[in-house]
Each structure stands twice: as structure tokens, then as C-alpha cells.
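Q: Residues per chain are reported as follows:
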Amino acid sequence: MDIYLIDYWAQSGQSRWHQASALAKMIGTALTIAAVVLSGDVFVLVAVYLLLAAVVAGTRLGTRRILLLAAYPGIFAVLFALSRWDGDWLTPATIIAKALTAALATVLLIVTTPYPDVFAACQRVFPRLVGDALFLTYRAFFLTLESMEHLLAALRLRGGLVPGRYLSNARNIASSLGLLLVNSLELSQRLYDVLAVRGYTGRLAGSEHWRRLSLADWPPLGLGVLALTLSLAGRAGWLFGLGGRLILVTAALAVLLGVLVYSAAAVGRARRSPSLRAERSNL
Amino acid sequence: MSHLHIPDGVLPFWLWGLGYVLALAIVAYVAYRQQRTDLRRKLPLLGVMAAVMLVGMSAEIVPIAYHLNLTVLAGIIIGPSLGFIAAFIVSFILALFGHGGVTTVGLNTLLIGAECAIGYYLFRLLGRATLSRLQSPVLAAGLATALTLLVTTSALIGIVGLSSVDPGKARDTGPLDAATLSLENPFQEGVITSRLLNPEEEETGDFYTRDSGVSLARFAAVVYLLGFIGWIIEGTITGLIAGYVYRVRPGLVTGERAL
Numbered sequence: 001m002d003i004y005l006i007d008y009w010a011q012s013g014q015s016r017w018h019q020a021s022a023l024a025k026m027i028g029t030a031l032t033i034a035a036v037v038l039s040g041d042v043f044v045l046v047a048v049y050l051l052l053a054a055v056v057a058g059t060r061l062g063t064r065r066i067l068l069l070a071a072y073p074g075i076f077a078v079l080f081a082l083s084r085w086d087g088d089w090l091t092p093a094t095i096i097a098k099a100l101t102a103a104l105a106t107v108l109l110i111v112t113t114p115y116p117d118v119f120a121a122c123q124r125v126f127p128r129l130v131g132d133a134l135f136l137t138y139r140a141f142f143l144t145l146e147s148m149e150h151l152l153a154a155l156r157l158r159g160g161l162v163p164g165r166y167l168s169n170a171r172n173i174a175s176s177l178g179l180l181l182v183n184s185l186e187l188s189q190r191l192y193d194v195l196a197v198r199g200y201t202g203r204l205a206g207s208e209h210w211r212r213l214s215l216a217d218w219p220p221l222g223l224g225v226l227a228l229t230l231s232l233a234g235r236a237g238w239l240f241g242l243g244g245r246l247i248l249v250t251a252a253l254a255v256l257l258g259v260l261v262y263s264a265a266a267v268g269r270a271r272r273s274p275s276l277r278a279e280r281s282n283l
Numbered sequence: 001m002s003h004l005h006i007p008d009g010v011l012p013f014w015l016w017g018l019g020y021v022l023a024l025a026i027v028a029y030v031a032y033r034q035q036r037t038d039l040r041r042k043l044p045l046l047g048v049m050a051a052v053m054l055v056g057m058s059a060e061i062v063p064i065a066y067h068l069n070l071t072v073l074a075g076i077i078i079g080p081s082l083g084f085i086a087a088f089i090v091s092f093i094l095a096l097f098g099h100g101g102v103t104t105v106g107l108n109t110l111l112i113g114a115e116c117a118i119g120y121y122l123f124r125l126l127g128r129a130t131l132s133r134l135q136s137p138v139l140a141a142g143l144a145t146a147l148t149l150l151v152t153t154s155a156l157i158g159i160v161g162l163s164s165v166d167p168g169k170a171r172d173t174g175p176l177d178a179a180t181l182s183l184e185n186p187f188q189e190g191v192i193t194s195r196l197l198n199p200e201e202e203e204t205g206d207f208y209t210r211d212s213g214v215s216l217a218r219f220a221a222v223v224y225l226l227g228f229i230g231w232i233i234e235g236t237i238t239g240l241i242a243g244y245v246y247r248v249r250p251g252l253v254t255g256e257r258a259l
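Chains as they are written, first to last, in my numbering: chain A, 1 to 283; chain B, 1 to 259.
Please keep in mind that the hints were generated in silico from the structure rather than gathered at the bench.
Each residue gets a CB set at the ideal place from its N, CA and C atoms; glycine is no exception.
A couple of the hints might just be wrong.
Short, incomplete list of chain B residues facing chain A, as computed with Cβ under 7 angstroms [claimed, not checked]:
1) P7
2) D8
3) G9
4) I26
5) A28
6) A31
7) T37
8) L43
9) P44
10) V52
11) G98
12) L240
13) I241
14) V248
All chains, full assembly: derive it from the sequences and hints.
A: In C-alpha cells form, the structure reads like this:
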């Protein structure tokens, strides 16, 4: 998984979705998850998923990678769906669609919103200890993940992971994780020292950026309201049967394809732009 | 497999809602109690332990759909109270990555927090008996991990059993009959009918009613079978990590915590 890219995407993205406030995106995500919770209609879930995928494509971050990242819970959903197999393909399809749609909604939030903004909003709700620990955990997570990747690469290069030697491999991996743990504890010590130098007295100061509202907040809010409306309409039987549902999914697919074509064209235009060419020639 | 990877919208509201209430109540209690102590040094340690758990959970052993949890190790190092806070943080961040549902954060916190606590006490119990003889915590940590995972996996199956959800009915296709793909008049009950607002009037397909024989035994068989392999892997790795840490920082596993 390209987890380390999440932070980069959230910080470096320039899309309109990135410009929306964390508060609006969190409300939009909550509405979408509420839609997933309430809906048992696979067509509605697929339509919402396609709309979310269209937004992901519109952010021009890395559509395939983000969709793959959000597909991770699919592994477990398949396992769960298989255990609930009742001879009807709609049952596993619904479970998997629920997993993928909810996961894509949360992943979209986290790849378009810098984590200090997300956790600053959470600090308002959680106890101080939990809110501050969230910040530190998320920061330490990416550092630890990078260290782990380096350790595993070093282990492979030095012959520490040999195919077929399971016990020896397990011992070497465990030693690497142990080393990672000890290094992480030293990291926590350094982190404490840095916090102490900066005058930390038991409370981290959060930013207020997360709740600055603007016109860019309408799209995430609108998508959340649309998802919930579709979900409620599906439950109430207002989607006009299979035909209505197929039209809904086709429309969502058309939106996705439209955004993909538009994004590809925009990327092509940007590559041909004189300013970018000049920048490249300078490099 | 010790925590729920069930997607949003499958478990009934009363169950995940109760999970949230219990988890947040325990988190609030622990946070309140911890405020009396010096938090400044504990906070970074809590953060990195939760991060190490997240790193363990991000490495997937695909053929058996298992990942390391390192929850017992976290319990051994930071204790059951801070372990519970770490459990909440890990569950919350995992949900943000789409790993498990947002609605299952409360239940996952209870399961992972229980792992930290049970693992901590089992390790203390087993460690007392073996540490002085073997001069190594590998056996105690490995056994504590495997036993803890057995308990929490059983609790997980219990939660799924309690849920009484029949995903065979966990969908609503309106006038579309899923079995025959035939349509009925969507307005036969009038133009404005809301089954959402009047759930008691719902004829069939109630999302939260089990009536088509959900195979809990099948689910348990799958989870215990894959889980058993996972417990051996997790127990071995946790034991070996504890052994390594004991060699370089014995105080961390013998109770002289860095707090």
C-alpha cells in the first residue's frame, strides 16, 4: 500500500476538493457513510462509488493508486461475504459495495485534507489526551513506516529473507520489528524533548483552518446530500425499479468517464504549456 | 482477525452504537484518570506505540487475510490503560484508511483494548512463572499472545452472532425482486410511503432481521481456521520481538516501563 503517499497528496493537491474546508468534507463524508449504512441497494451503492471515483479522478492525484488503497477492505469484505453466501449474487455484491464505497469516502477525505485539519476538528470532540495522541500517532506512523521499509530492504539485501526458510525469516523479521520498536521509543524520547523545548505543557495547540468556510465547501456537502438522498429514495422505493437503477448507475458512470476525459485533456494541455516547457528546459 | 473488518451498514445500529458508547466511556475514564499523572512523557510514547501497531496492521499476509496486530506487545510496554487509548486511536485511523468501517470503531476499540489488557495480565502471569527459569520472555509473550487472540477472536464471533444480521436481506431493491429480477408496481402502497420512517410496516427484507439462516458456524469455522494460523504467526513474532527487546532494553518487558 502507498500509505506514505496519503500525506503528500493531502498537502500538495491543488484541486477544488482540496480547497474545501475540513469541516465541510467531514460532514460530506459522514453523510455518505450514513447513506452506505442506510442503503441495502447495490445499484445506489455502485452509483455513489462511481461519483466518488469521479471526484478522485477530478483531484488529479493518482486515481488508480487511490482506488487501490480504498479497495483494501475488499479483501476482508470478500471473506465476510463468502461466509454469508445464500446462493444470490446480490448479497456478496452488496456487502462488497458497502465496504468499497465507505472506504473510498473516508480515503477521499484523508487524501484531500491535511491531517492537522482533520484532527483539529476531532480535538473538539475527544478528550485532550486522545486528540493530542492522534496528532502524534499520525506523524509517527509515516516515520515508522518509512523506517520499516528501509529495514526490510536492508534485510533482503543482506540475505535475511530466504525463500523456504520460514523460521529464520520469522526470527529476522521479528528482530527488525524489535529494532523498529526500540528506535520508535527513542523517537518518542526525541519528540518529547522537542515538545519540551517548544514549551509543551500537556496540550498541543490546534489550528483553526479546518473550519474556515468558503464557496468550495458546496461540492463535498452536495455530494454527501446527494448520496443520502439516493439512499433514502432507494429505501422508499422511489427509484423506479431496475430501469431507474440502471439509468442511475449509467449516469454516474458517464460522470466518471467525463471527468476522466476532462482530466486527461487538462493534463495534456498542461504538458504542452509554454511555461512548463520552459521550466523543464531550465531543469 | 482479532478486530472487525465488517463494512459500514452491516451491523445493526444498537450494536455499533453500544460499542461506541462503551468505548468512549472507557476512553473518557482512562483519559480523566491519566490527567492526574504527568502526561508530557507518556503522550509521545503512546503515539509511537500506536504508530507501531498501525505499521504492523498495514502489512497484509494475503493468502490467509491476516495481518500482525502487535496489540499484546503494546499492552506489555505501555500497560492496559494507555493501551486502550492506543486501541481507540488505531481503530480511528484504520477507519480513515478504509480498513474496517467507521461505524465499527467503537467495537474495534473494545476488542483491541481488551487484547492489550488481557495480553498484559497474561504476560505478567506467565512471565512470573517462566522468566526467572528461561531468562527469556519469548515463551511467555508468545503464549500470552496466542491465548489473548483466542479470547478476542471468540468475542468477535460473539459480536457477529449478536448482530442478528442477515445480509441475505441486507439490501433494499425497492420494487425489484432480487430473486427473479421482476418488477412490481412501485406505487402500489401509495405515492408516499416511507419504510425508513415506519420500519414496523415493512413487509419483508427487514435489514435487521434474521430469517434466512445465517451461517454463524460457517463464519466461526472460517475465522477460527484462518485465525489459528494467524495466532501462531502473531505469537511467534510477538515472542521473538519481546525476546529482542528483552536483550536490548529489559526494563520495557519486565515492568519497569519508560513512563
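Q: Looking back at the hints listed earlier, which ones does the structure fail to meet?
A: 4, 7
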